[in-house]
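S.K.: Everything in the sequence shown is counted per numbering that gives the first Met the number 0, starting at 0 for the first residue and increasing by one.
For the record, the hints were derived by calculation from the structure and aren't laboratory data.
Careful, some of the hints might be misleading.
With a straight-line Cα cutoff of 25 Å, these simulated PhoX-like cross-link-like pairs (lysine-lysine) come out [to be verified]: (1) K85 x K47; (2) K55 x K85; (3) K85 x K99.
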Amino acid sequence: MRLTARGSYAVRALVDLANQGDSRPVSLRAIAARGEISVSYLEQLFLKLRRHGIVKSVRGPGGGYLLAREPEGISVADIIESVEEKLDPMYCVDPNSPRKCFRIECCPAHLVWNELARRIREFLASVSLAELMRQSQTLRACPQNSGEDGDAIAGNGVVVGPGELKP
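Go ahead and model the full structure; you've got the sequences and the hints to work with.
M.R.: This is the structure:
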């Protein structure tokens, strides 16, 4: 499994949103500026997140977005799946894949891919947005305009390095 920018940006943006508190809506422009993500891309992501009940929008002056649920009740798996990111390592274990594998019943590798998919989903479901919020408070600030996106889960303008996320 390799997450695309869509999954990474969604997680980063939600950590940023959650770190702003829940009393006033946060504009996508503010999230975009802190996270160095385009506003138009965030609009696409937040539309999907709203449809899945992760965020709610407030219209008008001073409008923006708020979390629709408590951060403890939102998992990384919820976020990633809401923006239509695939968690399955191979198409043969993805029940929604348009590609069909006719070797599932006789393929020894399928058992490995199936177990890997289960563990990935289980791990990502065990990490809450609240946990990422706590971890983001202890991280160093990212340099502005670094040009490096990487695969790290980040929030509030900071990056989690490889192997630093603990369930």
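S.K.: Each of the hints needs a verdict: does it hold here or not?
M.R.: Consistency of the hints with the structure:
1. For the proposed pair K85 and K47, the alpha carbon gap of about 14 Å is at most 25 Å, so the pair holds.
2. In summary, the hint linking K55 to K85 is supported, as the alpha carbons are separated by about 23 Å, within the 25 Å threshold.
3. For the proposed pair K85 and K99, the alpha carbon gap of about 16 Å is at most 25 Å, so the pair holds.
Consistency note: the structure conflicts with none of the earlier hints.
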